[in-house]
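Participant: Once you have looked at the hints, place chain B on chain A.
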Amino acid sequence: MTQPIAHSAVSVRGVTQVFTVDGQTTVALAPTDLEVPPGQFVALVGPSGCGKSTLLSLVAGLRLPTGGALLCNGEPISGPMPQRIGMIFQEANLLPWLTATENVAFPLKLRGVPKRERLEAARRMLELTGLGDFADRLPHQLSGGMKQRVSIGRGLVQDPGVLLLDEPFAALDEQTRMVLGDEVLKIWSSTGKTVLFVTHNLSEAVYLADRIIVFSARPGRIVDDVPVDLPRPRTFSMMSSERFGALKDRIWAHIRDADH
Amino acid sequence: MRWLEPLATAACVLALFGLWEAAVALGALNARIAPAPSTIAPMLVELLGRGAVLKSLGVTLKEVAAAFLISVPVGFFIGFTLAEMPGVGAVFRPLVNFLFGVPKSIFLPVFILIFGVGVEQKIAFGVFTTVFVLILGGISAVESVPRELITVARAYGASRWQVIREIYLPAMAPILMESARLGMIFNITAVLLAEIYGARDGIGYRIAGWGESLQMPQLYAALAIVATLAIAVNELLQQIENRIGAWRQRPA
Chain A
75 MTQPIAHSAV SVRGVTQVFT VDGQTTVALA PTDLEVPPGQ FVALVGPSGC
125 GKSTLLSLVA GLRLPTGGAL LCNGEPISGP MPQRIGMIFQ EANLLPWLTA
175 TENVAFPLKL RGVPKRERLE AARRMLELTG LGDFADRLPH QLSGGMKQRV
225 SIGRGLVQDP GVLLLDEPFA ALDEQTRMVL GDEVLKIWSS TGKTVLFVTH
275 NLSEAVYLAD RIIVFSARPG RIVDDVPVDL PRPRTFSMMS SERFGALKDR
325 IWAHIRDADH
Chain B
7 MRWLEPLATA ACVLALFGLW EAAVALGALN ARIAPAPSTI APMLVELLGR
57 GAVLKSLGVT LKEVAAAFLI SVPVGFFIGF TLAEMPGVGA VFRPLVNFLF
107 GVPKSIFLPV FILIFGVGVE QKIAFGVFTT VFVLILGGIS AVESVPRELI
157 TVARAYGASR WQVIREIYLP AMAPILMESA RLGMIFNITA VLLAEIYGAR
207 DGIGYRIAGW GESLQMPQLY AALAIVATLA IAVNELLQQI ENRIGAWRQR
257 PA
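Taken in sequence, the protein lines are chains A and B.
Counting the first sequence from 1 gives a position; my numbering is that position plus 74.
Counting the second sequence from 1 gives a position; my numbering is that position plus 6.
Same shape as in the complex, but just chain A:
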């Protein structure tokens, strides 16, 4: 029996990104390699301007790299692949003139899914994220946490295999952040999606991820690849364990060194 070739869910091969603004060139990302197997939960951490968000927008197909190649399930990423890769943004970025349901249905609308069908799918998604009662609210009528739930629903509505989250909880308070983190874990463990999660919060990274990729500041490059060997399901009490602290210390050492 021949085994099918197992592709990484996301492959980053020798990817570089150089920006030129007013004749000034900045290397946002030095040659970077990263293989993410299907179903893995990867956190990307590092100081500001280390290229972790740049890498995420490259995987999302929002920009093309200066050099190297990006693949999703072995296929080159040459632009957004919304049915395979769902993106969840910082600050939720909902369309303020659409209701919660319409926002979740937005990716389906762009794909030309008939109205009744897409609104039904969106409503089911809102039930799933606990927002069933707020389906017809406009974004300005929702709290920060609710908005981010809607945004997560929007990212999941096409059932993509890969989920990109760009500092999704940065604007939220600590409690909401914890609750939504658990929610993302629940969705991840029940669907087996591959997750790339950019965050500034080291505890959040250790708590959520299987593996933490640590970036250094300009030029952005990977300085450590940390497997998180804490058991699942993760619990709140693990955060005070010795192992948790040791992992955080290891990551912090890189970031502290990079920041001068």
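What the hints contain is simulated information worked out from the structure, not anything from laboratory work.
Treat the hints with care, since some could be wrong.
[As the list claims (entries may be wrong)] Derived coverage of chain A by chain B (criterion: at least 3 residues anywhere in the stretch with Cβ under 8 Å from a Cβ of chain B; other residues may be distant):
(1) 161-168
(2) 302-314
[Claimed, not checked] Restraint-style ranges between C-beta atoms, simulated for each label pair:
(3) K189(A) to G251(B): 21 to 29 Å
(4) G93(B) to T140(A): 47 to 55 Å
(5) S111(B) to T140(A): 51 to 59 Å
(6) P150(A) to T87(B): 32 to 40 Å
(7) L136(A) to V94(B): 24 to 32 Å
(8) L202(A) to A252(B): 24 to 32 Å
(9) P188(A) to G93(B): 37 to 45 Å
(10) P188(A) to L229(B): 50 to 58 Å
C-beta atoms are modelled at their ideal positions from N, C-alpha and C, and glycine is treated no differently.
Facilitator: Structure of chain B alone, referenced to chain A:
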């Protein structure tokens, strides 16, 4: 209570008319310059029954509508172009800003030389005055579109056309509607001014005539008609604006 406030507003207006009536009756106000509301009201009814007056109103309404229908697409098109093409914008935006600040009334003699005193001149002057409001409105509408939302649409696979239809248009709609409403106020003012300055017909032309011949009841009745129409148009546009821009309202 909600209904109490408009009621109070109405009471204030009525009280003002009452004061006016009393002032004329007591001789505090000269009835030749400011006739009492009880003199103006019947005149208002009479004017609305006169075919010639209604025809003049119709001429003015047509001029206002034509100038508006020309100004809106032209102004927005120029505004969008200036906002979306940085090179062109850098050259022409200061010019638009300067011209917006110049009182347009000083150009009326020029407009008469070019277009005469007919309907065309009123429309041309209306467009000339209104279009600047709409150009500036078009520019700020484009600039108000949040870049992040364009990124969201692109990440979910939106085409160029979908970005315009799903992000640009809804994001800009309330600001476009708002500048259309402001433009309409400028437009009505410009057309009436042009009619008062020199015309063959139109309600502004009648108002000028009644003023010159000191026919005060007619003058005030006409003012009431024009004011009511202008308020109605403004309110209508405001209602549309509120509906389109409902999503902009902050939670209380």
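Participant: Each hint: holds or not?
Facilitator: Verification of the hints:
Counting residues of the stretch 161-168 of chain A whose C-beta lies closer than 8 Å to any C-beta of chain B gives 4; at least three are required, and the coverage claim holds. Under a criterion of three residues with beta carbons nearer than 8 Å to beta carbons of chain B, the stated coverage of the stretch 302-314 of chain A fails, only 0 such residues being counted. For K189(A) paired with G251(B), a C-beta distance near 23 Å keeps the hint of 21 to 29 Å intact. Taking 47 to 55 Å as the suggested C-beta distance range, the pair G93(B) and T140(A) does not conform, at roughly 26 Å.
Evaluation of the 51 to 59 Å hint for S111(B) and T140(A) yields a pass: the beta carbon distance comes to about 57 Å. Look at P150(A) against T87(B): about 37 Å separates their beta carbons, and that is inside 32 to 40 Å. Between L136(A) and V94(B) the C-beta distance comes to about 28 Å, which sits within the given range of 24 to 32 Å. One distance hint, 24 to 32 Å for the beta-carbon pair L202(A) and A252(B), holds here, with the actual separation near 28 Å.
Judged by the Cβ atoms, the range 37 to 45 Å given for P188(A) and G93(B) holds: they are separated by roughly 43 Å. One distance hint, 50 to 58 Å for the beta-carbon pair P188(A) and L229(B), holds here, with the actual separation near 55 Å.
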